[in-house]
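Asker: Sequence:
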Amino acid sequence: MQRTLFLVVLMGQCSFSTCSLYQYHFIRENKTWYEAQTYCRETYTDLATVSDMTDMRRLCSSTQNQDEAWIGLHSYPGRENRNWHWSLPGLEFNDSDTRWGSGEPNDGGGSLENCVVTYPHLWNDYNCLNMCASLCYNGTNKNTTFHYINTTMTWPQAQRYCRQHYTDLVSGLDQLDDPTLASYRYVWIGLFRDTWRWSDGSNSSFRNWESLGDLVDGQSNKTCATVLNTAGTWSYDYCDTQKPLYCYEAPKKKYVVRVKLAADPSVNMTDPAVTETMLKQMEAAFRDKGLSVKLSWRKLPDKLNTTKEEPEQGCAP
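Under mature numbering (1 follows the signal peptide of the UniProt record, and there is no 0), read the sequence shown as residues -19 to -1, 1 to 298, first letter to last.
These are computed hints drawn from the structure, not numbers from a lab. Mixed in with the good hints there might be a few duds.
[Said to hold, decoys possible] Mimicking DSS-like on lysine-lysine, the simulated pairs with C-alpha atoms at most 27 angstroms apart in a straight line are:
{"#": "1", "residue 1": "K203", "residue 2": "K224"}
{"#": "2", "residue 1": "K12", "residue 2": "K203"}
{"#": "3", "residue 1": "K261", "residue 2": "K12"}
{"#": "4", "residue 1": "K123", "residue 2": "K261"}
[Stated by the list, open to error] Beta-carbon label-pair distances, calculated as ranges:
{"#": "5", "residue 1": "Y57", "residue 2": "H146", "range": "32 to 38 angstroms"}
{"#": "6", "residue 1": "T121", "residue 2": "E49", "range": "16 to 22 angstroms"}
{"#": "7", "residue 1": "Y219", "residue 2": "A266", "range": "24 to 30 angstroms"}
{"#": "8", "residue 1": "A243", "residue 2": "E49", "range": "21 to 27 angstroms"}
{"#": "9", "residue 1": "K123", "residue 2": "R178", "range": "16 to 22 angstroms"}
{"#": "10", "residue 1": "E61", "residue 2": "P246", "range": "23 to 29 angstroms"}
{"#": "11", "residue 1": "Q145", "residue 2": "K123", "range": "19 to 25 angstroms"}
Only a predicted model underlies this, so the values are computations on that prediction, with no experimental measurement involved. Note that beta-carbon positions come from the ideal geometry of N, C-alpha and C, so glycine has one too.
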């Protein structure tokens, strides 16, 4: 199967052998979260946004800091402020495209139910600290895409397990509607909701909480997020507490490149999880060449498919 797609390549300034997507900056000055936000917006772009574990490792490598430091994540407590997200980075949740069971989601029993089990095909919101089996997605193995994990865990534990051993919890309708998953009941999937928003307005759903109870919080007055240590795990604190901070600087250049992709006929090239995995693999290939870039797909008007192909633009000294 062949498909032509337009690839958006974000690059920073180039210097001989390397290009950077954007830079994280550690500021060893104690500020409240709001002071930190103002400082980062005036000096760089904004408080740090983190999109995946690659970003998290880059942020942590920007300093040998052992102290807790602010990032650009802020909570707006209250049940009405919760939004649903897919665990798999880059996959957006669509409210009009769901599989909720009758009366769901309902915060059953009066408790916050911010995570989801499938039973099967239909979804049920569930307390994140309940113990359930889980479904993992493996984006790097074509032979075994889905893995049933019989060991019962909380949702945060299941997410951490899937990310450590595979890619992530099963996410998105294209994955969940796979017929091989039809027999599994009351197992964790990669759908959760929380009250957290990024300072720069990013829709990144990536979370890396240290505590297993963070997804059931939602009502705390500690509404600003921090990176705890060089391991990159997160916590939160009162926003008027003074701490060091992480800013980020936006990319300098953007390239749109048309690429033709060929795949085995059995591969669903319209599956967001498949195209997201392809992006990660291409980003890894760039990194192997000493280049740090951020890739994304762009759907352009059909008439552009008939235009003459332009040579690919890359990173030059």
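Asker: Hints the structure violates: just list their numbers, smallest first.
Answerer: Violated: hints 3, 6, 7, 8, 9, 10.
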